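Start from chain Y and add chain L according to the hints.
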Amino acid sequence: MLGWEFPPYISGGLGTACHGLTQALLKKGVEIDFVLPHAQMRKSRKSFRIISASSVSIGKRQVNNTITGLDRLQKDFLQRHNLSGRSLYPFSGGYGDGLYEEVYWYALALEAIARTNDFDVVHAHDWLTYPAGIAAKMISGKPLFVHVHATEYDRSPKINPTVYHLEKRGMQAANMVLAVSELTRKTILGRYGIPANKVLVSYNGVATAKRKIKSPSPRYLKEKIVTFLGRVTYQKGPEYFIEAARKVLNVNQNVRFVIAGNGDLLGKMILKVAGYKMLSKFHFTGFLKGSQVDQMLSMSDVYVMPSVSEPFGIAPLEAMKSGVPVIISRQSGVSEVLPSAIKVNFWDTDALANAINGVLEYASLSDEIKRNGESDLSDLTWSKTAAVVNSAYQTATKPYNIC
Amino acid sequence: MLNIAFYFQAHQPFRLRNYLFFDIGKKHNYYDKSLNRDIIQRVVTNSYMPANRMFQKLIKQYGDKVKINLILSGTLLDQLEVHAPKTIDSFQRLIKTGQVELLGTTYSHSLSFLQNEEVFLTELESYEIKVKELFGIKPKVFSNGCLTYSDNIAGILDAVGYLGVLTDSADAVLNGATINQVYRSARSPAVKLLFRHRHLSDDISLRFSNQSWDQWPLSAEKYMDWIKKLNKTDRVLNLWMDYGAIGEHQKEDTGIFGFMEKLFSNMAADKKINLSKATELLALRKRPKPLSIDAPLSCTGDLTMSSWRENDMQKEAFETLYSLYPKIAMVTDQAILRDWYYLQSSDHFYYMGTNADDQHTQFSPYALPYEACINYMNVLSDFRLRVEEYLRSH
Numbered sequence: 001m002l003g004w005e006f007p008p009y010i011s012g013g014l015g016t017a018c019h020g021l022t023q024a025l026l027k028k029g030v031e032i033d034f035v036l037p038h039a040q041m042r043k044s045r046k047s048f049r050i051i052s053a054s055s056v057s058i059g060k061r062q063v064n065n066t067i068t069g070l071d072r073l074q075k076d077f078l079q080r081h082n083l084s085g086r087s088l089y090p091f092s093g094g095y096g097d098g099l100y101e102e103v104y105w106y107a108l109a110l111e112a113i114a115r116t117n118d119f120d121v122v123h124a125h126d127w128l129t130y131p132a133g134i135a136a137k138m139i140s141g142k143p144l145f146v147h148v149h150a151t152e153y154d155r156s157p158k159i160n161p162t163v164y165h166l167e168k169r170g171m172q173a174a175n176m177v178l179a180v181s182e183l184t185r186k187t188i189l190g191r192y193g194i195p196a197n198k199v200l201v202s203y204n205g206v207a208t209a210k211r212k213i214k215s216p217s218p219r220y221l222k223e224k225i226v227t228f229l230g231r232v233t234y235q236k237g238p239e240y241f242i243e244a245a246r247k248v249l250n251v252n253q254n255v256r257f258v259i260a261g262n263g264d265l266l267g268k269m270i271l272k273v274a275g276y277k278m279l280s281k282f283h284f285t286g287f288l289k290g291s292q293v294d295q296m297l298s299m300s301d302v303y304v305m306p307s308v309s310e311p312f313g314i315a316p317l318e319a320m321k322s323g324v325p326v327i328i329s330r331q332s333g334v335s336e337v338l339p340s341a342i343k344v345n346f347w348d349t350d351a352l353a354n355a356i357n358g359v360l361e362y363a364s365l366s367d368e369i370k371r372n373g374e375s376d377l378s379d380l381t382w383s384k385t386a387a388v389v390n391s392a393y394q395t396a397t398k399p400y401n402i403c
Numbered sequence: 001m002l003n004i005a006f007y008f009q010a011h012q013p014f015r016l017r018n019y020l021f022f023d024i025g026k027k028h029n030y031y032d033k034s035l036n037r038d039i040i041q042r043v044v045t046n047s048y049m050p051a052n053r054m055f056q057k058l059i060k061q062y063g064d065k066v067k068i069n070l071i072l073s074g075t076l077l078d079q080l081e082v083h084a085p086k087t088i089d090s091f092q093r094l095i096k097t098g099q100v101e102l103l104g105t106t107y108s109h110s111l112s113f114l115q116n117e118e119v120f121l122t123e124l125e126s127y128e129i130k131v132k133e134l135f136g137i138k139p140k141v142f143s144n145g146c147l148t149y150s151d152n153i154a155g156i157l158d159a160v161g162y163l164g165v166l167t168d169s170a171d172a173v174l175n176g177a178t179i180n181q182v183y184r185s186a187r188s189p190a191v192k193l194l195f196r197h198r199h200l201s202d203d204i205s206l207r208f209s210n211q212s213w214d215q216w217p218l219s220a221e222k223y224m225d226w227i228k229k230l231n232k233t234d235r236v237l238n239l240w241m242d243y244g245a246i247g248e249h250q251k252e253d254t255g256i257f258g259f260m261e262k263l264f265s266n267m268a269a270d271k272k273i274n275l276s277k278a279t280e281l282l283a284l285r286k287r288p289k290p291l292s293i294d295a296p297l298s299c300t301g302d303l304t305m306s307s308w309r310e311n312d313m314q315k316e317a318f319e320t321l322y323s324l325y326p327k328i329a330m331v332t333d334q335a336i337l338r339d340w341y342y343l344q345s346s347d348h349f350y351y352m353g354t355n356a357d358d359q360h361t362q363f364s365p366y367a368l369p370y371e372a373c374i375n376y377m378n379v380l381s382d383f384r385l386r387v388e389e390y391l392r393s394h
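Chains as they are written, first to last, in my numbering: chain Y, 1 to 403; chain L, 1 to 394.
Next comes chain L alone, as it looks inside the complex:
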């Protein structure tokens, strides 16, 4: 029996408006409201809503044979509440079926775990409050933005009640062992580790409509064949992708909806396949092997943090942001704390990337990485002034 878990990550950051040097100290509205609204509404229309409807229908049809996992960032949920409240209802209905597991994540889709574990912890807590309020549940499995992870947070995850974590595969870590299994953290044995199958995930999310791909066009049958060819001893297959892959990155006219529907129908009907929620996987192996993950992993091309922390602009912006934490820790003002989260979204650093292999510009609201850096640093200057002013007056 092969246990297959699909994970769909949905995240949108609060993109910054064009914030001028002259605005520093004067204006404290940092976000491009209309751009963010437009993007939310576009992605909701193209992807989240029709995909939700599709899964709702599949679950109605196949009952507990169809299960999926969702990762919804706090910054996305905040924006949906304002710009697309019906999508929140739709996610609520989906989660209420009991066939959809919501994973835990950082509120802002941040990389705080790299810099400050205390910040990371407060993000987990804020996120927990948010999903408790919206969905009435407490997540049991954790997945950081873009599957980033390293052992330094295993202890924190354990302490706040997470049983497992999903991250990306890395040959160096696995040292020849299969990724299609459950492991545990060598550092915190109570925390189980799940790894994404990169190739099979990307076949759908990145390559599905790529006509120069030698496997194009991809059919549900062909994909099922690939799965059948996996090693017989493999127990687990984790397929993680951006939720936007269904309908936004792969548009409706590529046939992505028909493909997904067919694939799920086939899997639901297949006696040797068990579509699973993440928590169900954790108990599959009685004595999971321990693994150490010292260097941080991510889902990007080279599996490292290079998309967000490679060039000097990224590094300095990142360090400047987190150098504010000792002051932030004394702030209770909700508006400042909200901005503190929103400014942490890893997207801001991604936009500053200069590595041509990544698709920085494709997803960036800026024409050039330098503009992203200038704008972000200006905002950060104002933010720092506000924090200092707050501490003076309280």
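The shape of chain Y in the complex, shown without the other chains:
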């Protein structure tokens, strides 16, 4: 299994999802080698190993760059890079400036791994690992699964053609494409032209244990708290949160809004809030660590996810587990599996404001949503996800199935 994030090397929902799926597959008897660009800890059980690409000795490239899609990168700048005699590439494992370069060397590391390791399926999470997945498939002849947690269409209004190309190559080369929601499946069919019979929906799960917050924060602020928790980027729709907040504040002053997260739109959003003269009703916490997320949720009266485009969206599930009622946009994959959550179109800030105010003001509504949320959650297990994935593995590895 190839991925860019795995706890504790995590920066978003991808790591959480990889962890949940891996654990559930292990319980079903699947053995997994998880290859991260960079990891310090080495899990080494027979059934589960974490391999750090940083410690893999990279050999000569065998797989053609056109096949992996890496030819796009090479023309740009990859010719300038070489290992200058070393055999290890020092991956950062982050999402920084040298990302394409890391994607390239990660694929070469996978060639080396595929030459020396034994496995039955290659499972690649998101585009960063697709070229590596293709390379591993070519070397080993084993079936490739690409798992689409997000597409370029979810990330920004302006499509990066290189990323799009790598995504498309990965999906084309895959024996099976796993989509985290029906919404994402539609994007994969419509925008990437992948045949419908190759694309399977496998919803994310949620760790079943009810979230116990160790020391819930006492409430010092007398106002109710409405929380947006996520990256402050176009995809997450922070603007609509602010517009809705303005409408709520027009009728209800007994409320504060929190934007918890960081991102390229943060500065713009703060100026927007200041422009509406709402700074004393708004708080910006920056990026929150794990325990701070718990603390934030324990202080929240309602959680809002107004995403413009959200392939799945694990965060609201975490909020629900903490007993916080959630309002989510219809443009999120997670809305498909939460029949009883309040859903609005992200652009409809009237409806969003109305929903926020309703949940805050009518205790019965808030209780009802929490109760129904719990039952929605109990249906969403990683075990179910793993069953879907495992059965697809079984089909793909049957000897008569030649893809």
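Keep in mind the hints are simulated off the structure, nothing from the lab.
Quantities reported herein were computed from a predicted structural model and do not represent experimental measurements.
Take the hints with a grain of salt, since some may be wrong.
Coverage of chain L stretches by chain Y, computed from C-beta distances (three or more under 8 Å per stretch; other residues unrestricted) [unchecked claim]:
| hint | stretch |
| --- | --- |
| 1 | 23–37 |
| 2 | 372–383 |
List of simulated lysine-lysine pairs, BS3-like, C-alpha gap at most 27 Å [stated by the list, open to error]:
| hint | chain 1 | residue 1 | chain 2 | residue 2 |
| --- | --- | --- | --- | --- |
| 3 | L | Lys315 | Y | Lys281 |
| 4 | L | Lys27 | Y | Lys224 |
| 5 | L | Lys315 | Y | Lys277 |
| 6 | Y | Lys281 | L | Lys27 |
| 7 | Y | Lys277 | L | Lys327 |
| 8 | Y | Lys268 | L | Lys315 |
By construction, the Cβ of each residue, glycine as well, lies at the ideal position given by its N, Cα and C atoms.
Chain L only, in chain Y's frame:
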């Protein structure tokens, strides 16, 4: 005879610590103690102490031929008392010579005069108490932080006994008249107006070590020549700069100390130059011309309040702060009142500035203006809770 007054402004705010949303209601310590201590100790070592020693020596050498003026904010004095008490002693010795005039200012280096004259007045009073206690004097000439001023405070200054005020020059106000003269306020005729000579001040404080400046390197002789070229009818030259220009902004290795020492020696020896204290200037003109200053002035690039009150973050933070005043007016708790002053320092708003022409980030403890805004508003939320809680229980 040209009467030259040097004014050195020394101010340090209480910079805020990284105050989280989660701290609101829980933690009431707002300041970054170690950062503030480090900065105080650095500036004291690089600038205030060696500059004080230099002036002490010059005064010893030239007697009443050497005079300077100082502006020391209350927030600076509070921090010196804790982190560098010897510097207080040093300022005391300097002021005791009688050749150094201490000007009045706002306690926190604030812009309260823009928003609430009552707050402004209480700041003047608190500052007066502070300098009475430390230096045993009552200032006679006023200079607000960064030379900010507008006519709306002339009446208050008059009422509390100030005879004059130093502010920055503005062509629109002077309407062709020279800045090198004494004027009076059209609004409150008893209050005299002094204007800084921007160009000659900045030649030292901003440009001294700038090697791409066509006048670099600047020598005392060259500077004296420029002064000689001033109009013969000019009576007054006000040179105002941050005290940190000597040794901190212009580091010791630029030769700033040698330059200043030479410059003062030359001026002290020059029969046509009279180094002056601010109060001495006020009587120079028998019938000073009245001037109106309606729009607030400051020492910044565009002479306006734009460095502190331009973008929406700055405006709202500012207004939110002063909207607390009606409640504050009923508070007598010393800890709350102390924070009330410290949160008013104009620096907090300066850090939120987004105008690239200003040097907001250079002097800011924050990487981005947005961070300054978030942090300040969080602190203000807690402060408001404390004020409300106090009023409930008293």
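Here's how the hints hold up against the structure:
| no. | hint | result |
| --- | --- | --- |
| 1 | 23–37 | holds (count 3) |
| 2 | 372–383 | holds (count 6) |
| 3 | Lys315(L) - Lys281(Y) | holds, 15 Å |
| 4 | Lys27(L) - Lys224(Y) | holds, 20 Å |
| 5 | Lys315(L) - Lys277(Y) | holds, 9 Å |
| 6 | Lys281(Y) - Lys27(L) | holds, 19 Å |
| 7 | Lys277(Y) - Lys327(L) | holds, 21 Å |
| 8 | Lys268(Y) - Lys315(L) | holds, 16 Å |
Taken one by one, the earlier hints all hold for this structure without exception.
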